[in-house]
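Protein chains in written order, with this note's numbering: chain A, 147 to 482; chain B, 147 to 482; chain C, 147 to 482; chain D, 147 to 482.
No wet-lab data here; the hints were simulated from the structure.
Please note: incorrect hints may appear among the correct ones.
It does not matter which identical chain is meant; a pair holds if it fits inside one copy or across any two.
[Claimed, not checked] Simulated pairs of lysine-lysine, DSS-like, Cα-Cα distance not exceeding 25 Å:
1. K402 x K267
2. K187 x K406
3. K283 x K440
4. K402 x K186
5. K254 x K282
6. K470 x K186
7. K149 x K253
8. K187 x K410
9. K253 x K283
10. K196 x K410
11. K410 x K186
12. K254 x K283
13. K410 x K267
14. K267 x K392
15. K393 x K264
16. K406 x K254
17. K186 x K267
18. K406 x K196
19. K196 x K402
20. K254 x K149
21. K366 x K402
22. K393 x K440
23. K283 x K196
Please read all numbers here as calculations on a predicted model, not as lab measurements.
There are 4 protein chains.
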Amino acid sequence: MKKIGIIGGTGYTGGELARILCVHPDIEITAMTSRQSAGKKVSDTQTYLKGYVDIEYTNSLPNELDLVFVATPHGVAMNEVPALLGSGTKVIDMSGDYRLHDTSAYKKWYGHDHTDAKNLKDSVYGLPELFRSEIKKTNIVANPGCYATATILATAPLLIADVVKEEITVDAKSGTSGAGMVPSPRIHHPFCGESIIPYSVGSHRHQPEIEYVLNTVSKKCSDVLFVPHLLPIVRGILSTCYLTLKKDVTNEDITKIYNKQYGKEPFVHFVDEPSIRSVVCSNHCQVGASVFNKKVVAFGAIDNLVKGASGQAVQCANIMLGLKETAGLNVPGMGV
Amino acid sequence: MKKIGIIGGTGYTGGELARILCVHPDIEITAMTSRQSAGKKVSDTQTYLKGYVDIEYTNSLPNELDLVFVATPHGVAMNEVPALLGSGTKVIDMSGDYRLHDTSAYKKWYGHDHTDAKNLKDSVYGLPELFRSEIKKTNIVANPGCYATATILATAPLLIADVVKEEITVDAKSGTSGAGMVPSPRIHHPFCGESIIPYSVGSHRHQPEIEYVLNTVSKKCSDVLFVPHLLPIVRGILSTCYLTLKKDVTNEDITKIYNKQYGKEPFVHFVDEPSIRSVVCSNHCQVGASVFNKKVVAFGAIDNLVKGASGQAVQCANIMLGLKETAGLNVPGMGV
Amino acid sequence: MKKIGIIGGTGYTGGELARILCVHPDIEITAMTSRQSAGKKVSDTQTYLKGYVDIEYTNSLPNELDLVFVATPHGVAMNEVPALLGSGTKVIDMSGDYRLHDTSAYKKWYGHDHTDAKNLKDSVYGLPELFRSEIKKTNIVANPGCYATATILATAPLLIADVVKEEITVDAKSGTSGAGMVPSPRIHHPFCGESIIPYSVGSHRHQPEIEYVLNTVSKKCSDVLFVPHLLPIVRGILSTCYLTLKKDVTNEDITKIYNKQYGKEPFVHFVDEPSIRSVVCSNHCQVGASVFNKKVVAFGAIDNLVKGASGQAVQCANIMLGLKETAGLNVPGMGV
Amino acid sequence: MKKIGIIGGTGYTGGELARILCVHPDIEITAMTSRQSAGKKVSDTQTYLKGYVDIEYTNSLPNELDLVFVATPHGVAMNEVPALLGSGTKVIDMSGDYRLHDTSAYKKWYGHDHTDAKNLKDSVYGLPELFRSEIKKTNIVANPGCYATATILATAPLLIADVVKEEITVDAKSGTSGAGMVPSPRIHHPFCGESIIPYSVGSHRHQPEIEYVLNTVSKKCSDVLFVPHLLPIVRGILSTCYLTLKKDVTNEDITKIYNKQYGKEPFVHFVDEPSIRSVVCSNHCQVGASVFNKKVVAFGAIDNLVKGASGQAVQCANIMLGLKETAGLNVPGMGV
């Protein structure tokens, strides 16, 4: 049994890590920290974990953990990570702190300096379908953003196959749980219910993240216009991506391209009609793509809290700890 | 043209008053106050009012208004009302400050002293279907609570007809706009979406309000158990009320009782299947009731912001100002 | 009082016409036909119309109507229209039968021959903001599609101002009422609830309609890729449109372009954040647009049953009948 | 590995059985039948099962199965069960065919004769928390109704402890997936979205089922008024139950009563605030209860497709097959 800890256990990603890990065959939750709930049983504040996570929240983690998930907000994580790595613990950071490899890009998009340039440089982007071998070797993984996961998985095969131009438009739609657990005017039900709200058009932090990763895997300079919309649902992301072909390509070619990329992947499937309901509550991603004249429309659907956050982090942890990659994640989506 | 003012124009009930009154044939919005938005155009912060309410929010109201709607939170209204009444303006208070006629009941349910006992005693409960003649004569109306409106309209005819016992169980369901515009954990979309949340069971402030009004109209001592639930919809209340017959009564008798009570009412209809969608965005209320052995199940459906708040206030204002009672309110519900 | 009739009064657009017209100051609903409900009172099957539309559904319309709304499915309307026009009645067809001016285009997109080529040629596209003078003179209006209305209003100013290329990508999102009242697997709540469903990608009938109208107003050959998505809400459309600049244009220029086009329009407003909730239950459309490098993202938000169907039809009827264009439509959206 | 079959694999309960069983450690899905989809891969029609259930639907089941789940509509199951039992296979019927032990009650509530009186008499009601030992010994289990499960688990402890009167009012709320996968006017999204729809008031088939079971476990003649409401959510039931105390009982007594009943149950937890989100996508049930004067309000929350259908059936199968009762079901609810 590998021993792990979670820093920031009361937020949505911390809770979702606990939900997944509490029935993981090879990993044991040794400790979860929470400033406001220290001393309380996890299952008393999050009653759905009753019988599964009955330990108490603590103020700090014990030593000698195999891996720590840092589930704190952007800007906080980079204060925790250096000491953890220094003590020999592997780290998966759930925030955006270690995703952009460049301190100046970080400052531009996150609004403050990065204080851990060294580990930022060494961190690996935790998308196993594209960076599996690097994840295996690193001690510090930057867990991908939810929108970024859906969008990159939907579009990377076309860029890698070199059949599309670098200019990509992404019209993404997310459930409200992506905004976290702190109440705010935009996530207030009477405001976002019975509507769809575009926000951060062209200025969302996942835009440079998507560009950075697509550039890395395709060796091209992708130029992404990213337009997120808030959906009146709790979980799920659908990313609708518009690309322009630079070669004559048929739908059969498209199918071959995606099957070559994902044919052996346990969690990514190429299907005719990607659907949020098919993947919700699972670590699966459904992708699809079709040609319309000189355009390709590509879709990616995930559960933003699982493949878009905590499930993907567990997938990375499995790889980093030498476990079976699918351990604890091997369940289908809800379907209905 | 009658001139009115709105104190507290940025909240949901203030905005809804503006939405209704801006096309009222005989009433003109002279001023709307707002502490945080004073100096801004109403239609700049609430863009749906563009072309309809293009005045600016002010810090205070001008003199010589015919009527003022006080749309501030509980506890604030009673600081505004005495001066308004003193200056000869008619007042409709949208909060709970003037609904319970007893300062000790007020203190018990609202948690602080009532500072305007005199006007509390004189205030009239603004439910025109039951207190029309009193509303006509008063200068101070306590606009009913949303749940209270749906529940009282659904049950009062049976109590007035003296066919049911005093013990009433009310299982009420409300859309989230009833909670107002300030974000909170319960109204956070990921918490209340895809769920139904019971809250304030047996301790909601509308429970004594319902009891007080039902006792007044039926001369009986009703004993209400009120159990509100938060629905994952924006607008609408359905109140499902359980009563026990004390006489042999058929469904035909029930129909007669409701038609006697509401047959000439413009806004309350007795129908087979009361439905939120049929009344949403209108001042209408649909009620229904059926006998099951010794029980009656009665339903009341309203739009919580219209008949449950601002529409009802306008209906009262029409009566108080000697206008046609239906003026500015004479539109059907959305249906779909 | 102008006398109108509605053919097909039980569907969503027929019901919505009744909801709007029953309080219209200058128009009277003389008759509504329905095959399945003939002989029943309208307000018995659609209880939200109680007290507003208490006439009975009939099998056919009387003579001597000023105007008839044909609210039947595609393919049915063209069987009704010739006789109506022949008898001197003005006609507004709510279906797609008279929108594409070309019988071969009609056959390609609707799958069967058009049997009324003559009136097809004479029909006017009922979007007053672009075809007001033509609507005034015609006897036959093709009421625009819901998606088409939101998309054309959002993008036409940029094409007319000649600042964008002809290639347009439209990512549109619609509430479920757009699908009409007949149950189907896609509109089954457990399928479409808590999800967003792309459908008819690149093959929706509004794609050629949008292209046809944009080409007409801009004299350019627009090439539209139209990707509709089904939202888990009842009413409302948001159309997110992606265009490419062909000139250096700033956000200030954009604002001027839209204000020049719509500054005097009663129902179309250019705002920073177009929102479905701001227009729902009203004939209003909110549009917005911003520049991102060489791209423009333009939004259009409407209530699909009002400005996207029955409200727009009433607006056209007002124009055709010489009434005030805003008569019966002059109410703001719900806001909340 | 135990071998099981599913008759009627394309419906919601059949699909949910497959979703759960495909990762069950001790059970193997040997065959799934479907009339319309025979010959197709399960994971081609239900893509969320890709990689999990890649067998083909068949027309009939093979012999030598350990257990068969009959997931066909009411009235169909009783044609399948006798032969299955005759061949020595254990059977769990998901429909209502074997729940009411009395052929005359069956005829009254289901509208047609029961053709398998013998097995009806022998069948065991598959609620393990109340009938565990009987389930262990039987070959035919009637899987409980979804509403019945939530309601019985919420109220049975009070009746067994003999602290409440026999008269019970149940105000139940269910997500739309409870209605199955066939489209219908009531489950059409524009009708049931943004609303809550009461239906089958006092005439729902789960009313006699609840009465029958409560009478069986408490030896009293419970008299239930059951009022179901359709919620605009996909999954989840909340049953709000109103009972009257016949003894002086405190909230502490209530807690003891429930803990005595469920303290050792793996899937039923007594909590302060039972919540649908806490149990969704799991076999868990949360119950709660509080005293208000002489009344008790008791809540039960489940996922209607898991503890309310397929999860409970798997729990019963585990018991019938001598497996660990929690096998394949040991995961917490989603929480968010």
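Results for each hint:
Taking identical chains as interchangeable, the C-alpha atoms of K402 and K267 are never at most 25 Å apart, the minima being 35 Å within one chain and 46 Å between chains. Proximity of K187 to K406 under the C-alpha cut-off of 25 Å is restricted to the inter-copy arrangement: shortest distance 22 Å between copies versus 47 Å within a copy. In this assembly of identical chains, the alpha carbons of K283 and K440 never lie at most 25 Å apart, being 40 Å within a copy and 41 Å across copies at closest. Taking the shortest alpha-carbon separations for K402 and K186, only the inter-copy value of 22 Å comes in at or below 25 Å, while the best intra-copy value is 52 Å.
With identical chains, the CA atoms of K254 and K282 are never at most 25 Å apart, being 30 Å at best within one copy and 54 Å at best between copies. With identical chains, the CA atoms of K470 and K186 are never at most 25 Å apart, being 33 Å at best within one copy and 31 Å at best between copies. Taking the shortest alpha-carbon separations for K149 and K253, neither the intra-copy value of 34 Å nor the inter-copy value of 54 Å comes in at or below 25 Å. Only between protomers do K187 and K410 lie at most 25 Å apart by alpha-carbon distance; the minimum there is 19 Å, versus 41 Å within a single protomer.
In the homo-oligomer, the alpha carbons of K253 and K283 never lie at most 25 Å apart, since the shortest distance is 28 Å inside one protomer and 60 Å across protomers. Taking the shortest alpha-carbon separations for K196 and K410, only the inter-copy value of 12 Å comes in at or below 25 Å, while the best intra-copy value is 36 Å. When the C-alpha separation of K410 and K186 is checked against a cutoff of 25 Å, the pair qualifies only between copies, where the shortest distance is 22 Å, while the shortest distance within a copy is 43 Å. Taking identical chains as interchangeable, the C-alpha atoms of K254 and K283 are never at most 25 Å apart, the minima being 29 Å within one chain and 57 Å between chains.
In this assembly of identical chains, the alpha carbons of K410 and K267 never lie at most 25 Å apart, being 30 Å within a copy and 51 Å across copies at closest. Taking the shortest alpha-carbon separations for K267 and K392, neither the intra-copy value of 33 Å nor the inter-copy value of 39 Å comes in at or below 25 Å. Taking identical chains as interchangeable, the C-alpha atoms of K393 and K264 are never at most 25 Å apart, the minima being 41 Å within one chain and 43 Å between chains. Neither within a single protomer nor between protomers do K406 and K254 lie at most 25 Å apart by alpha-carbon distance, with minima of 36 Å and 36 Å respectively.
In this assembly of identical chains, the alpha carbons of K186 and K267 never lie at most 25 Å apart, being 37 Å within a copy and 48 Å across copies at closest. In this assembly of identical chains, K406 and K196 lie within 25 Å of each other by CA distance solely across copies; the values are 17 Å between and 43 Å within a copy. For the homomeric pair K196 and K402, the shortest alpha-carbon distance between copies (18 Å) is at most 25 Å, but the shortest distance inside one copy (46 Å) is not. In the homo-oligomer, the alpha carbons of K254 and K149 never lie at most 25 Å apart, since the shortest distance is 36 Å inside one protomer and 52 Å across protomers.
Taking the closest pair of Cα atoms, K366 and K402 come within 25 Å of each other only inside a single copy of the chain (21 Å); across copies the shortest separation is 37 Å, beyond that limit. In the homo-oligomer, the alpha carbons of K393 and K440 lie at most 25 Å apart both inside one protomer (9 Å) and across protomers (23 Å), since each shortest distance falls under that limit. Within a single copy, K283 and K196 get their C-alpha atoms no closer than 36 Å, and across copies no closer than 30 Å, so neither meets the 25 Å cut-off.
The earlier numbered hints that this structure contradicts are 1, 3, 5, 6, 7, 9, 12, 13, 14, 15, 16, 17, 20 and 23.
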